[in-house]
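In terms of full-length UniProt numbering, the sequence shown has 40 at position 40, counting the first letter as 1, and numbering is strictly consecutive.
Check each hint, because a few of them may be wrong.
[Unchecked claim] Taking lysine-lysine pairs in the DSS-like style, the calculated list, with each CA pair at most 27 angstroms apart, reads:
hint: 1; residue 1: K132; residue 2: K114
hint: 2; residue 1: K132; residue 2: K118
hint: 3; residue 1: K5; residue 2: K21
[As the list claims (entries may be wrong)] Label pairs and their in silico Cβ distance ranges:
hint: 4; residue 1: Y70; residue 2: E25; range: 43 to 49 angstroms
hint: 5; residue 1: H164; residue 2: T93; range: 17 to 23 angstroms
hint: 6; residue 1: E25; residue 2: A122; range: 53 to 59 angstroms
hint: 7; residue 1: E29; residue 2: G65; range: 48 to 54 angstroms
hint: 8; residue 1: Q13; residue 2: I119; range: 55 to 61 angstroms
Hint data in this document are derived by calculation from the structure and do not stem from the laboratory. Glycine included, every Cβ here is placed at the ideal spot set by N, Cα and C.
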Amino acid sequence: MMLDKLNRLIPAQAAELAAVKVKAENQVEALKREGEAFDVPCLSVCLSIKQLAFSASLLPSLDHGETGPYNTDITLVFRNVFTNIGNAYNPDTGAVHIHGHGSSTNPTSAVLIKNREKIFTAWTSLPSGGQKASNGVSLLLEIGDVVFLRMWANARIFDDQNRHTTFSGRLLFTM
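Generate coordinates for the entire structure from the input sequences, incorporating the hints supplied.
Spelled out as structure tokens, the structure:
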């Protein structure tokens, strides 16, 4: 009795195992295609970047006004990109992704974050309009580092056609 049951169960399990194998192979192929689409452009950018420079202002060229205040810290996304040599600056996220090892300089105003570490701040607290703040730093960056600007909770930043608020960086040299 038990032997008959096992003889019926084995072909069913073999068919199920074959279906799982086909599904796994299809998933592996899909992941390979997905990985190829991602890795090849990244690899070519990573190998070819010897020059990197970007500069962007906070708001699109015809917009004006304040960004903020928000009840939490936010990443500033600079939408009006003037220069993006090396395509390291992402105008959708506001982050600079480092594809090479070297030293760069990033003058700006706000809180500069490298990966998750606060590097410096620039701010003003005067009660009337027209305040200015700036700061700058040269950083040693490694492949995979991410640099971005964060605005603190309850803060405001103004920008208009004169492009008061900018984020710029350049790769000085590779190491």
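Do the hints match the structure? See the list:
no.: 1; hint: K132 x K114; in the structure: holds (23 angstroms)
no.: 2; hint: K132 x K118; in the structure: holds (21 angstroms)
no.: 3; hint: K5 x K21; in the structure: holds (24 angstroms)
no.: 4; hint: Y70 x E25: 43 to 49 angstroms; in the structure: holds (48 angstroms)
no.: 5; hint: H164 x T93: 17 to 23 angstroms; in the structure: holds (22 angstroms)
no.: 6; hint: E25 x A122: 53 to 59 angstroms; in the structure: holds (54 angstroms)
no.: 7; hint: E29 x G65: 48 to 54 angstroms; in the structure: holds (49 angstroms)
no.: 8; hint: Q13 x I119: 55 to 61 angstroms; in the structure: holds (58 angstroms)
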